[in-house]
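Visitor: These are the residues of each chain, in order.
Protein chains: 2
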Amino acid sequence: MNYPSQLIEDVVNELSKFPGIGKKSALRMVLHLLKKPESEVVKLGESVINLRKLINYCKRCHNVSDGDFCRICSSLKRNQQQLCVVEDLRDVMAIENTSQYNGIYHILGGVISPINGIGPDELNFVSLINRVQNEKISELVLALSATPEGDTTAFYISKKLNGSKVQISTISRGIAIGGELEYADEITLGRSILARIPYKT
Amino acid sequence: MNYPSQLIEDVVNELSKFPGIGKKSALRMVLHLLKKPESEVVKLGESVINLRKLINYCKRCHNVSDGDFCRICSSLKRNQQQLCVVEDLRDVMAIENTSQYNGIYHILGGVISPINGIGPDELNFVSLINRVQNEKISELVLALSATPEGDTTAFYISKKLNGSKVQISTISRGIAIGGELEYADEITLGRSILARIPYKT
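Going line by line, the protein sequences match chains A and B. FYI, in the working numbering the residues of the first sequence are 1 to 201. FYI, in the working numbering the residues of the second sequence are 1 to 201.
Hints may be right or wrong, so weigh each one.
With a straight-line Cα cutoff of 27 Å, these simulated DSSO-like cross-link-like pairs (lysine-lysine) come out [stated by the list, open to error]:
no., chain 1, residue 1, chain 2, residue 2
1, B, K23, A, K43
2, B, K43, A, K23
3, B, K24, A, K43
Over 10 Å on every C-beta distance to chain A, these chain B residues come out as not near it, computed from the model [stated by the list, open to error]:
no., residue
4, S25
5, G45
6, I49
7, L51
8, L142
9, S192
Note that these hints are calculated values from the structure, not bench results. Bear in mind that the values here come from a model prediction, so they are computed numbers and not experimental data. All C-beta atoms in this analysis are idealised placements derived from N, C-alpha and C, irrespective of residue type, glycine included.
Whole structure, please, built from the sequences with the hints as guidance.
Guide: This is the structure:
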């Protein structure tokens with residue numbers, strides 16, 4: 001592709017590094033930028049630079065944060081004995097949106113995935129084990145993806161905490177609310193039969 | 001949606017102003033930025049700011065340009081009597097990619113669209129008429145979208161140049177190469193029958 005200006009080519013190349021954005025979408029974004037007032041574009045550019053320069057991570061749970069500790073860890077209303085282990089920030093936001101969980105979090109920063117070169121050393125396991133031992137955690141809720149990588153990570157955590165008294169639970173897997181049985185895949189359906197629960201009225 | 005940090009919220013809000021990017025995609029982009037080295041993120045932010053601050057528009061055809069005149073207008077190899085009228089930069093790039101056109105361009109900056117509040121005064125018509133009168137243009141090729149707005153714009157240009165000697169042509173409409181008749185819509189098929197051309201072997 002021949003771009004009419006080096007400046008445009010630079011921005012297209014930078015923007016197309018984002019996941020899910022190719023050269024064509026990047027060019028559309030550039031044309032959008034060119035039509036905007038200069039002040040707005042400068043604001044965007046500066047907010048991107050500030051994000052990376054000023055962002056803090058919570059020293060306790062590794063969530064992003066404006067200060068030393070994140071809003072959730074600092075909140076007096078949260079149950080500080082219930083610890084939910086998640087992969088990244090988006091999972092925290094997804095669980096927070098349900099309003100069904102009142103404990104605190106621990107962000108691993110990913111899941112164990114040898115194929116992508118991510119082993120236990122790349123993830124926040126050491127601080128997790130320390131927290132379980134030092135913070136009087138009574139329940140560890142594993143909220144990891146229902147993938148082989150998520151299962152491996154859950155297994156690794158349970159092995160590491162073998163001698164500990166903490167109760168480990170995992171979010172339930174099964175047929176999604178509103179889902180019809182005939183369209184469910186066999187593995188999900190099979191697991192949901194094996195992991196059946198008492199019927200409550 | 002509750003964001004864990006004001007910095008993240010700012011960038012998500014800025015990024016979700018792009019066409020086709022919602023809050024969820026913007027958040028994915030932010031997480032991608034957080035995982036990148038600081039130098040790369042600064043480079044992205046600065047290239048966005050530079051784009052808007054340093055970009056020039058060709059004084060002749062309104063194409064974006066690094067200098068006063070764009071690469072195409074400055075080229076001695078181009079036919080300076082053949083002028084192709086397009087909506088925006090992407091159309092120039094699309095036509096250039098075909099390698100089938102060797103003339104110069106004029107970018108209108110849009111098409112007449114009363115519903116979006118775009119009338120003739122918002123577009124580069126005055127400079128187009130001036131160029132046709134002063135630059136010895138022999139042929140004006142209208143390469144506008146096959147939409148009511150594109151047709152209106154083409155009609156407006158032809159009316160404006162009523163007394164002029166310039167020959168006005170438009171890119172052909174019809175069944176796309178590789179397209180099957182049974183899947184073509186009726187209007188395209190109807191027009192392609194009316195606008196049939198002599199068969200060449």
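Visitor: Against this structure, judge whether each hint is valid.
Guide: Evaluation of the provided hints:
no.	hint	verdict
1	K23/B with K43/A	holds, 18 Å
2	K43/B with K23/A	holds, 18 Å
3	K24/B with K43/A	holds, 21 Å
4	S25	violated, 7 Å
5	G45	violated, 4 Å
6	I49	violated, 4 Å
7	L51	violated, 5 Å
8	L142	holds, 21 Å
9	S192	holds, 27 Å
Going through the hint list in order, the structure does not satisfy hints 4, 5, 6 and 7.
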